[in-house]
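Model the full assembly from the supplied sequences, consistent with the hints where possible.
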Amino acid sequence: MTETPVTDTLSSAPSRDLPPQPRPPALQPVELARWAWRQLTSMRSALVLLFLLALAAVPGSLVPQRSIDAARAAQFAADHPTLAPWYDRFSLFTVYSSPWFAATYLLLFVSLVGCVLPRSRLHLRAVLARPPRAPQRLGRLPFHESTTVDGAPDAVLERARAALRRRGYRVDVADGAVAAEKGYLRETGNLVFHVALLLLLLAVAFGHLTGYKANILIVEGEAFSNTVSAYDTWTPGPLADEGALAPFTVALKSLEVRYQETGTQAGAPRDFQARVRYTTSPDTAESSYDLRVNHPLKVDGVKVFLLGNGYAPVFTVRDKDGAVVSRGPAPFLPRDGNATSLGVVKVTGTSPQIGFDGFFLPTAVIDQNGPHSIYPGLKLPRALLSVWTGDLGVDGGTPQSVYSLQKSGLTQLRGENGRKLVVGLAPGTSATLPTGETITLDGVRRWASLQVARDPGTGPALVAALLALAGLMASLFVRRRRVWVRVGADGEDDVDAADGGRTLVEVAGLARSDGEGGDGLADELRELVAEIGSDDGTGARDL
Amino acid sequence: MTSESLAGLSNQLLYSAMAVYAGAMYCYAAELAFGSPRRRGKAAPVAAEVRELASVGAPTADVETSAADTGPQDDGATRLARADRIGRVAVSLTVLAFLLHLGAVVARGIAASRPPWGNMYEFSTAGSLAVTGVFLVLLARKPIRYLGTFVVLPVLLTLGLAVAVLYTESAQLVPALKSVWLVIHVSAAMIAAGVLTIGFAQSICFLVQDRRERVPAEVRQPSFMDRLPAAAALDRSAYKMHAFAYPIWTFAVIAGAIWAENAWGRYWGWDPKETWAFITWMVYTTYLHARATAGWKGRPAAYLAVLGYGTFLFNYLVVNIWLVGFHSYAGVG
Chain R
1338 MTETPVTDTL SSAPSRDLPP QPRPPALQPV ELARWAWRQL TSMRSALVLL FLLALAAVPG
1398 SLVPQRSIDA ARAAQFAADH PTLAPWYDRF SLFTVYSSPW FAATYLLLFV SLVGCVLPRS
1458 RLHLRAVLAR PPRAPQRLGR LPFHESTTVD GAPDAVLERA RAALRRRGYR VDVADGAVAA
1518 EKGYLRETGN LVFHVALLLL LLAVAFGHLT GYKANILIVE GEAFSNTVSA YDTWTPGPLA
1578 DEGALAPFTV ALKSLEVRYQ ETGTQAGAPR DFQARVRYTT SPDTAESSYD LRVNHPLKVD
1638 GVKVFLLGNG YAPVFTVRDK DGAVVSRGPA PFLPRDGNAT SLGVVKVTGT SPQIGFDGFF
1698 LPTAVIDQNG PHSIYPGLKL PRALLSVWTG DLGVDGGTPQ SVYSLQKSGL TQLRGENGRK
1758 LVVGLAPGTS ATLPTGETIT LDGVRRWASL QVARDPGTGP ALVAALLALA GLMASLFVRR
1818 RRVWVRVGAD GEDDVDAADG GRTLVEVAGL ARSDGEGGDG LADELRELVA EIGSDDGTGA
1878 RDL
Chain X
801 MTSESLAGLS NQLLYSAMAV YAGAMYCYAA ELAFGSPRRR GKAAPVAAEV RELASVGAPT
861 ADVETSAADT GPQDDGATRL ARADRIGRVA VSLTVLAFLL HLGAVVARGI AASRPPWGNM
921 YEFSTAGSLA VTGVFLVLLA RKPIRYLGTF VVLPVLLTLG LAVAVLYTES AQLVPALKSV
981 WLVIHVSAAM IAAGVLTIGF AQSICFLVQD RRERVPAEVR QPSFMDRLPA AAALDRSAYK
1041 MHAFAYPIWT FAVIAGAIWA ENAWGRYWGW DPKETWAFIT WMVYTTYLHA RATAGWKGRP
1101 AAYLAVLGYG TFLFNYLVVN IWLVGFHSYA GVG
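If you're matching them up, the sequences are chains R and X in order. Just so we're aligned: the first sequence equals residues 1338 to 1880 in my numbering. Just so we're aligned: the second sequence equals residues 801 to 1133 in my numbering.
In case anyone wonders, no lab produced these hints; they're calculated from the structure. All the given hints hold, so there is nothing to weed out.
Restricting the straight-line Cα-Cα distance to at most 27 Å, the calculated cross-link-like pairs of lysine-lysine (BS3-like) are:
id	chain 1	residue 1	chain 2	residue 2
1	R	K1550	X	K978
2	X	K978	R	K1640
3	R	K1590	X	K978
4	X	K978	R	K1635
5	R	K1635	R	K1590
6	X	K1097	R	K1519
7	R	K1590	R	K1550
To spell it out: a stretch of chain X is covered by chain R in this simulated footprint if at least three of its residues, at any positions, have a beta carbon under 8 Å from a beta carbon of chain R; those stretches are:
id	stretch
8	966-980
9	1047-1056
10	1064-1071
11	1089-1097
Cβ coordinates follow ideal geometry from the N, Cα and C atoms, glycine included.
What follows is the structure, encoded as structure tokens:
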């Protein structure tokens, strides 16, 4: 024996008075792993992780997220040039896909598994086992009743057994006592809840991996088919099969929008309705559908949602000789609630090329705030465009936005007075440029922005969530109780019982639910005693 | 009746309800004040007796009836009887205020022919109606009259905020809100909010009472807290409230996800509103776990419950008004 003092063991197991031992060897990897596992799956760690996950979700609601609003995130980064790189380093623009957020919930789920597995084993054992035998002294339990009733002990015991069975208890008769337990569903529900959360996570992951999301802006009268190249943005999951997209097509026939006309909320949108026609595959007949917010079109497991809308003024540009060089709708993007919209028209068929950029105003006003719209409906539509000539840069092969001009190769046209030229157009009117071309505002169409999404995880996620809810309710509201009934066990009263007279009955109960405090258990015991006491075993009450 | 005059009626009913609520709140407060023992010195034995009465159980009607039975010769007992009368008046006023409040919400709904919770003003009035409603339902089954002050006060504050800051003219819904899920999701959230408010009040009472009970009974200063149940009982009822609210909140979140999937094409997108609903859910999850964990029972768990309510309030006030997201229906400003 060495004199080395006992070093504290790393495990949190209760320390016992052991004889002095040699210093334990350094922890083997297995032991270390076991120790770490025990720490991670302890309730204390679970509590900390639960709280950390709540905390970790906070920054994503305060810092603009790229996944939610990329434009705001970019704007924030531009406004805070020194802060943004640091935010980036800590994934603050992508909180919900960041390593530290993932680490928190994955650890939590590991901890959950570590908790659920042993508890399932214990619960299975409890379900398979008989209810535990009656304790020696029932009178010591927090809830107990005793009384003498008519009948022989065996008959009384049988009545007790039947009464408990009727109340949904699992019963076991042994040694002149009934042991009964009910409320196994409480722990079952608890385990179901936790497993369902795990399933929910898997469903979310599955949907994220195999689904896809796409956006498209489509003008009235246009159509698109469900192909990657048709979309303005395409966000596939890592495992999405781009070659096997559902072969449907959607055509936007018309878009109707209604606004609040009066009151302080005038201009607030009241109704959007996109009339579409679609085919599920090239060789099937067309069907029509009214696409509205909250009323998506479902085709072949894919959903088409109406997200937004705006105006696409239709311009015709003619050259000096009156030949049409450009004709078509140009979608302008709204930038306020009254649809003050910005956009461009690019004309490549002239030499030099011409670019127009500026406003489309459905109800135009020009005041000290500059040109803007005061109502989103078409009450006084005007287009106000400045004119640029030169090289638009569209042939250079570098991608550029269809909603703005790349002005490096362009010069702005000026009017006769030398000021920058602004062309103002009402529907049906034309303007002739100093260079000889004319531009006509033929009319105004609307565009709809649609989101096309396939998420095969949605159904499983919903099932898992509802399963979790059901398990949760069982785990919170089912009461787990044990009840024991003993007859004629201790005392002189059972002397009478020998001639089939009276029998002493002791009933005791134990509430086994956290935080329940034995609500109603005393009442249940009283009712039970009454039922055992009556001859037919049903008690005085109608059941 | 035109929709304008209905909306006007709704406003008048709401102002009346607020006046009656204020009366109810004073009565609840008076019940606590008159029903609590006098300062020590003159009436020390009475104080002891009241404590004993109060500790028989919650300050229920039957405690007070037994106090009234002992006759007017006993100073403490008469005072308790009087406090009980005031308490009953407070409950009657609360019922009256609730009916006026209900009338205001219903009139507002009829005025716009839709569920009356389409903007922040309406959500506040309907949500606080749910708080009173939950309180009255519970009051019919459980002796929780002592909570009156702590329930009516936030209701009154919410209504004050609604009429002073959040008021929005009655109008039709924006398209995104036109869905049956508006009824399901929002009403579940409001009922959960009502129950959580009661649980929050109980948790606060527990924290105060628990601190009080750490002082030995002989040297404890008398206080209106003597009329409240013991700390352990408060803790238990607070837990029951939270355990009841938690599945409703869970359901509200799930219903919201179903709606979001239908409206925006994704069931979960970390929109600020969704994020804070999740945070609230996580904090209450932590509370429920803490309550079942040695070393976390009692005060630490109660702090979590209070924090959970704080995150709920943040979601209701800060997220709706200041944070940009899909759920921008406040209609404020």
